[in-house]
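Those protein sequences? They're chains S and C, same order as listed. Counting from 1, one number per residue, gives the positions in the first sequence under this note's numbering. Counting from 505, one number per residue, gives the positions in the second sequence under this note's numbering.
FYI, nobody ran anything at the bench for these hints, they're computed from the structure. Mixed in with the good hints, there may be bad ones.
Derived DSSO-like pairs (lysine-lysine); straight-line CA-CA distance at most 30 Å [stated by the list, open to error]:
#, chain 1, residue 1, chain 2, residue 2
1, S, 112, C, 513
2, C, 506, S, 2
3, S, 36, C, 715
4, S, 36, C, 695
5, C, 715, S, 211
6, S, 211, C, 540
7, S, 112, C, 506
Number of protein chains: 2
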Amino acid sequence: MKDALQRLKAIDSECHLFAGINALLGWDQETYMPPKGLDARGEQLALIEGLSHERLTGPDIPALLASLGVSEQNPMGDPSLDKDTRSYLRAFYRMWSREVKLPGDFVRERAKAVSLSQAAWADARAKNDFSLFEPHLEKMIGYAKREAAYLGYGERPYDGLLDLYEAGLTVQETRQIFSKLKAGLVSLLAKIGSRPQVDDCALKRSCPIEKQEAFSRHLMPLLGYDLESGRLDPSAHPFTTSIGEDDIRITTRYLENDFGSSISSTIHETGHALYELGLPRAWARTVMGEACSTAVHESQSRFWENIVGRSLPFWKGQFPRLKADLSPVIEDVDLEGFYRAFNKVEPSYIRVDADEVTYSLHVILRFELESDLMEGRLKVADLPSAWNLKMKELLGISPPSDALGCLQDIHWSMGAVGYFPGYALGNLYAAQFTQAMVAELGPLESYLETGNFTPILSWLRRNIHERGAGLLPSELVKEVCGSALSHEPFLDYLNKKYAGVYGF
Amino acid sequence: MKDALQRLKAIDSECHLFAGINALLGWDQETYMPPKGLDARGEQLALIEGLSHERLTGPDIPALLASLGVSEQNPMGDPSLDKDTRSYLRAFYRMWSREVKLPGDFVRERAKAVSLSQAAWADARAKNDFSLFEPHLEKMIGYAKREAAYLGYGERPYDGLLDLYEAGLTVQETRQIFSKLKAGLVSLLAKIGSRPQVDDCALKRSCPIEKQEAFSRHLMPLLGYDLESGRLDPSAHPFTTSIGEDDIRITTRYLENDFGSSISSTIHETGHALYELGLPRAWARTVMGEACSTAVHESQSRFWENIVGRSLPFWKGQFPRLKADLSPVIEDVDLEGFYRAFNKVEPSYIRVDADEVTYSLHVILRFELESDLMEGRLKVADLPSAWNLKMKELLGISPPSDALGCLQDIHWSMGAVGYFPGYALGNLYAAQFTQAMVAELGPLESYLETGNFTPILSWLRRNIHERGAGLLPSELVKEVCGSALSHEPFLDYLNKKYAGVYGF
Chain S
1 MKDALQRLKA IDSECHLFAG INALLGWDQE TYMPPKGLDA RGEQLALIEG LSHERLTGPD
61 IPALLASLGV SEQNPMGDPS LDKDTRSYLR AFYRMWSREV KLPGDFVRER AKAVSLSQAA
121 WADARAKNDF SLFEPHLEKM IGYAKREAAY LGYGERPYDG LLDLYEAGLT VQETRQIFSK
181 LKAGLVSLLA KIGSRPQVDD CALKRSCPIE KQEAFSRHLM PLLGYDLESG RLDPSAHPFT
241 TSIGEDDIRI TTRYLENDFG SSISSTIHET GHALYELGLP RAWARTVMGE ACSTAVHESQ
301 SRFWENIVGR SLPFWKGQFP RLKADLSPVI EDVDLEGFYR AFNKVEPSYI RVDADEVTYS
361 LHVILRFELE SDLMEGRLKV ADLPSAWNLK MKELLGISPP SDALGCLQDI HWSMGAVGYF
421 PGYALGNLYA AQFTQAMVAE LGPLESYLET GNFTPILSWL RRNIHERGAG LLPSELVKEV
481 CGSALSHEPF LDYLNKKYAG VYGF
Chain C
505 MKDALQRLKA IDSECHLFAG INALLGWDQE TYMPPKGLDA RGEQLALIEG LSHERLTGPD
565 IPALLASLGV SEQNPMGDPS LDKDTRSYLR AFYRMWSREV KLPGDFVRER AKAVSLSQAA
625 WADARAKNDF SLFEPHLEKM IGYAKREAAY LGYGERPYDG LLDLYEAGLT VQETRQIFSK
685 LKAGLVSLLA KIGSRPQVDD CALKRSCPIE KQEAFSRHLM PLLGYDLESG RLDPSAHPFT
745 TSIGEDDIRI TTRYLENDFG SSISSTIHET GHALYELGLP RAWARTVMGE ACSTAVHESQ
805 SRFWENIVGR SLPFWKGQFP RLKADLSPVI EDVDLEGFYR AFNKVEPSYI RVDADEVTYS
865 LHVILRFELE SDLMEGRLKV ADLPSAWNLK MKELLGISPP SDALGCLQDI HWSMGAVGYF
925 PGYALGNLYA AQFTQAMVAE LGPLESYLET GNFTPILSWL RRNIHERGAG LLPSELVKEV
985 CGSALSHEPF LDYLNKKYAG VYGF
């Protein structure tokens, strides 16, 4: 068994090297690749994805798994193996069984199409012309349906895709938790709407990008991001990517008339990077050394972005530095005014710029449209109008252009269908984890105010990061918080915080 | 045969995609990779090199070659095939037969070692501490010897390595041509030394890097480099790399107190990039779509850098722009003074900064040391002192530090032994090609002065670039110039030019 385990890990390690190479190809495409490099890039990505798929579906693996006692009924393998190894085998089996269901030709073909689709999306968004992206999105939905068919699913094809990102998640459960969340958010939004609006004009002042970048570069190490193991670069849509276990890069987006956008993007992506850098080193380049789930990943970015990075104590500590770095842009602004402005709640078009209260409603919109697209209730050609209608329904506003509407996110252009719900679930996990953290560390205020993030990061490392993919998300939340995932901690957190911001 | 050819090309194409991926991994390592990313990068490079090697040595190829009539005696294959295809088969056979001789384990092991060696070299150079690099260089020389043994060779192991870069080149021939070249250069250098030295203080004035970069960015498209297919980034040692057939990137090096360095590096690398971008598109991603040889590649960079970029007519056209871009750094300098300063001949430590006259002597030094290392006459530990002695012998000076001596070049750290001679041969090719170009286009002065480089680039494309690797270098020079490679055109060019610069 020892030998079989070693051989399995060697295959896993090779696949993780492929994943790192793919990450670099992708990072380069989004940051520095010259425009005409796209054709070759598509072929390179397809080649690597195909090889990785081939390696992971090689004829040697079933025998290795069998000799470790792993089967569909018993994915943790032989009971005599140690606990971590059994968790590893379960994670490996989950990944492997999905992979063997996808034919190599399908994987290669889709990778090529994704590369072209991403470029078409960027072009369509720049030109505000959905028709340039439409045929590519059509293809992406087609690939998603084929993928679900290959993977198999319980009740609905979309279930098969949700499970890819959050083990065991179904359309039905998502609808249930989102309906309670929606009710709570709508009620809070109504309370906020009854109060005088916050003035955030100071945040919209013109601010040179170099000044914004300087503050971003201050934030990253402050929060514990080791820049010997990472980078910050600008890109159209901020992202975090893992090129090696010690090469975790983030990107951000600078808007001259909205410096708050780069602050929250940088902190958000730093949260993702801290998770990646905290994964169990002993399991590096294995599936056990990966994150627990997409939503748990998002809980880390949203925790740092919002629960830390939009809190009053955090800004008590950092506001003088912000003023200095942006000088003279907000010389006349005081802490309280900045804090309220940075937490202004107002329905708006762009998800990544949305406030904490409306953000999850953007996600619920995408979830509902995705399920409609997947289940044939909505045609791709009708997406722009459906999007605009649903924006009106959920947020009371209708975007003036598709660039500010259904073309804003990169995800569908990558064929990532089923990914969005995790963004809202991440908020729920983040709030629930924070309750557990406070139960152990006491109130966080003094840490945040003094910029002493070490106890907080250590807690996250110990409780979440270092567990890697050893637990399923439902197990992790139970282990860390002693309860199942709930919408309540998040709604409690929002209600309490915004009662302060809006004074009700 | 049609089917066999198609299958062969598909394998070739896959190997070229691997090469592009490797080029990106290498480019990133030299430009933007965070320092701790090195370990994973070494493994990624080794994985890709190993896969490419595996693909190219696959069991299907001998049968494909046999069915195309290709053998060691008849590398061009079946006589009924068209001319281009037969040239392709010869180029493929040359690459393939070298590759099958190298065991996969050797290739993988060396790739890993190279990655660590390159990092150690950069560190050793930064700290001026040869001992940090010594064990790695020892390994690289060991790998070079093993490589020669695997490849086979005529008289000496070093022959096997020279042939890698310049088909058929031997130590003996190199010694012969270098001895005539050395004599001519030494004689010219003596003439120059008898004249009053040129004053180049204006070139050593402090000049902000942004200003230097602006001028570099002006030069690239001016010479015909399409920036939709390329990039310029800073790195420790300037290089050109081919990530895709339309993604050819260059790097340069900015020295605050030597703006001429970035100008010549940028033009030099642009010359390489123009060659890569001009290779036969119909043969993209095949060995036929590669350059003819390292020395012919170097002829392109040296042609643009020196014959164009250090000529008086070129600067008649570009000097006003240079003055404006660098303003006010050289406001008081006149064209004639700048031209003479930029062509100052003076023995110096660094090859890449050397003038046209002493440059080839730097190369001859490396050739002689390399052959001594390869043939056991010199120990790696004694390299610094041997280097310094030979500098004294050839150039009359002795470097004050190893950073300015044997640690200056990246090549040996990459295990590239046998590469250097091409740098001097490139000068000879460049001068000989220029004679043929002038015979067809007439004197180049007016093109250079008006910045009309199209006829020159078109001539190079037609005569050299578009031929790819269809001809051996000895065939190419005969085809283009009607004669074998000679040291004379280069020495004629230098003697005439420097009689003007130094007035003798």
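Each hint tested on the structure:
A threshold of 30 Å between alpha carbons decides the hint, and for residue 112 of chain S with residue 513 of chain C the separation of about 20 Å falls inside it, so the pair holds. Distance restraint check for residue 506 of chain C and residue 2 of chain S: the Cα-Cα separation of roughly 49 Å exceeds the 30 Å cut-off, and the hinted pair is therefore not satisfied. Of the supplied pair hints, the one linking residue 36 of chain S and residue 715 of chain C holds, its CA atoms being roughly 27 Å apart against a limit of 30 Å. Under the criterion of a C-alpha separation no larger than 30 Å, the hint pairing residue 36 of chain S with residue 695 of chain C is inconsistent with the structure, at around 49 Å.
Our distance criterion of 30 Å between C-alpha atoms is met by residue 715 of chain C and residue 211 of chain S, whose separation comes to about 21 Å. This hinted pair checks out: residue 211 of chain S and residue 540 of chain C have alpha carbons roughly 27 Å apart, not beyond 30 Å. For a cut-off of 30 Å, the pair hint linking residue 112 of chain S to residue 506 of chain C stands: about 27 Å separates their Cα positions.
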